[in-house]
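K.L.:
Protein chains in written order, with numbering that gives the first Met the number 0: chain A, 0 to 254; chain B, 0 to 77.
The hints are simulated quantities; they were obtained by calculation from the structure and are not laboratory data. For glycine and all other residues, C-beta sits at the position ideal for the given N, C-alpha and C. Treat the hints loosely; a few may be bogus.
What the hints assert, rightly or not - Using C-beta positions, here's what the derived DEER-type ranges look like:
1. A:179 x B:11: 46 to 52 angstroms
2. A:119 x B:30: 25 to 31 angstroms
3. B:20 x A:155: 34 to 40 angstroms
4. B:64 x A:234: 52 to 58 angstroms
5. A:155 x B:61: 44 to 50 angstroms
To be verified - Computed list of chain B residues with no C-beta within reach of chain A, every gap over 10 angstroms:
6. 4
7. 7
8. 12
9. 46
10. 56
11. 60
What follows is the residue order along each chain.
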Amino acid sequence: MRKTLKVVAFGGGPADAFIKAAGITDSTQQTAIKTLVNDLNGYGLWSKMKAIYPMVGGNATAHSYNLKNTTKFQIAFSGGWTHSSNGALPNGTNAYADTGLNASIQLTTPSHLSYYTKTNGNTAIDQIDIGIANFWLSLWYTGSGFSNLLARNQSSSVLLNGGTVTNSQGFGITTKISNTSKIFFNNIQKDSQTDTTNIYTNNNIYIGAFNNGYPALWSNRQCAFSTIGDGLTDTEASNLYTIIQNYQTILSRQV
Amino acid sequence: MIVYKLKSQDVDKVKGGQFAPDCYFNPVQDIDGNWIISIEELEGIQNPDFIFLTLKEDGEYINVTPIEYKPIPPPPMP
Numbered sequence: 000m001r002k003t004l005k006v007v008a009f010g011g012g013p014a015d016a017f018i019k020a021a022g023i024t025d026s027t028q029q030t031a032i033k034t035l036v037n038d039l040n041g042y043g044l045w046s047k048m049k050a051i052y053p054m055v056g057g058n059a060t061a062h063s064y065n066l067k068n069t070t071k072f073q074i075a076f077s078g079g080w081t082h083s084s085n086g087a088l089p090n091g092t093n094a095y096a097d098t099g100l101n102a103s104i105q106l107t108t109p110s111h112l113s114y115y116t117k118t119n120g121n122t123a124i125d126q127i128d129i130g131i132a133n134f135w136l137s138l139w140y141t142g143s144g145f146s147n148l149l150a151r152n153q154s155s156s157v158l159l160n161g162g163t164v165t166n167s168q169g170f171g172i173t174t175k176i177s178n179t180s181k182i183f184f185n186n187i188q189k190d191s192q193t194d195t196t197n198i199y200t201n202n203n204i205y206i207g208a209f210n211n212g213y214p215a216l217w218s219n220r221q222c223a224f225s226t227i228g229d230g231l232t233d234t235e236a237s238n239l240y241t242i243i244q245n246y247q248t249i250l251s252r253q254v
Numbered sequence: 000m001i002v003y004k005l006k007s008q009d010v011d012k013v014k015g016g017q018f019a020p021d022c023y024f025n026p027v028q029d030i031d032g033n034w035i036i037s038i039e040e041l042e043g044i045q046n047p048d049f050i051f052l053t054l055k056e057d058g059e060y061i062n063v064t065p066i067e068y069k070p071i072p073p074p075p076m077p
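Model the full assembly from the supplied sequences, consistent with the hints where possible.
P.N.:
Below, the structure is given as structure tokens:
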């Protein structure tokens, strides 16, 4: 049964550290952060995260901080980003965000990537929203004959295909656990494939593009939340969706 | 889309330069080999070291040139 989440003014620890580092003074945003931390802990997901980017605060500095640990994996925004209360919008031309999280060093278990966007659309040019070679997520990839939700999860051979996209607004997750890779969108499993490979290229994960040894395949979809971490079970992926949707609702920017 | 072509002598100055808190330039080359930056970068400049890029004379930029963006073809799907 799905839990109905309430707004809880709970904090301390990482929530307060993030609020302080990011300079969050708005009380609604503070409540959203504290609720997010509380819910991630409550669902047993906090420990599975390596990086959590809440994209709250409305400016590059606030958006740069990692909620999981403000001293690790702080984003460096390069190129043309527009920061607002809705998150961080890459321009689809030269914008990318270096998380500093090197997959081959920091990710030792099957992993997940997630990306929440309020943007419906893509350009005519192929776009990847987060990732590196062999480990990436695109909420709407056009090119090579596709107009699809696509991902690779630590594999050069298995392409997860979530089907044709007509609206990219929402929350996408690619996750691998127990040699099965999956892609979810708005809490619906869109593809599942057996995949025994675990390839991590020696590159930092980028947001707003992918890291091919250089940034490429620029996205123009606004990032309103993103995570990098351990692989998630189906239940965990569903719970993460519920938590993030509640978080976005508190901020009045849910889709 | 309009982007802003850098003068050749400014490219290395700009590459990776911090133009605002936690914001860094990322000039890229277009298909003609021009080094360009975006409107978001140009209009977001707060660092005095890069204010020169925004200087205008008679309403026209003097240190960057607006041009239509012609992107390099993207790499194949990874």
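K.L.:
Now tell me, hint by hint, if it's right for this structure.
P.N.:
Quick rundown of the hints versus the structure:
Between residue 179 of chain A and residue 11 of chain B the beta carbon distance is about 47 angstroms. The supplied range of 46 to 52 angstroms therefore holds. For residue 119 of chain A and residue 30 of chain B, the hinted distance range of 25 to 31 angstroms is satisfied, since their beta carbons lie about 28 angstroms from each other. In this structure, residue 20 of chain B and residue 155 of chain A meet the distance hint of 34 to 40 angstroms, their C-beta atoms being roughly 38 angstroms apart. Distance hint check for residue 64 of chain B and residue 234 of chain A: the Cβ-Cβ separation is about 55 angstroms, which falls inside the suggested range of 52 to 58 angstroms.
At about 48 angstroms, the CB distance of residue 155 of chain A to residue 61 of chain B agrees with the hint of 44 to 50 angstroms. No beta-carbon of chain A is positioned within 10 angstroms of the beta-carbon of residue 4 of chain B; the least distance is around 13 angstroms. Every C-beta of chain A lies more than 10 angstroms from that of residue 7 of chain B, the closest at about 18 angstroms, which supports listing it as non-interface. For residue 12 of chain B, the non-interface assignment is confirmed: its Cβ lies about 16 angstroms from the closest Cβ of chain A, beyond the 10 angstroms cut-off.
With a minimum CB-CB distance of about 13 angstroms to chain A, residue 46 of chain B clears the 10 angstroms threshold, and the non-interface call stands. With a least beta-carbon separation of about 24 angstroms from chain A, residue 56 of chain B lies farther than 10 angstroms from that chain, consistent with its non-interface assignment. The Cβ of residue 60 of chain B lies farther than 10 angstroms from every Cβ of chain A, with a closest approach of about 16 angstroms, so its non-interface assignment holds.
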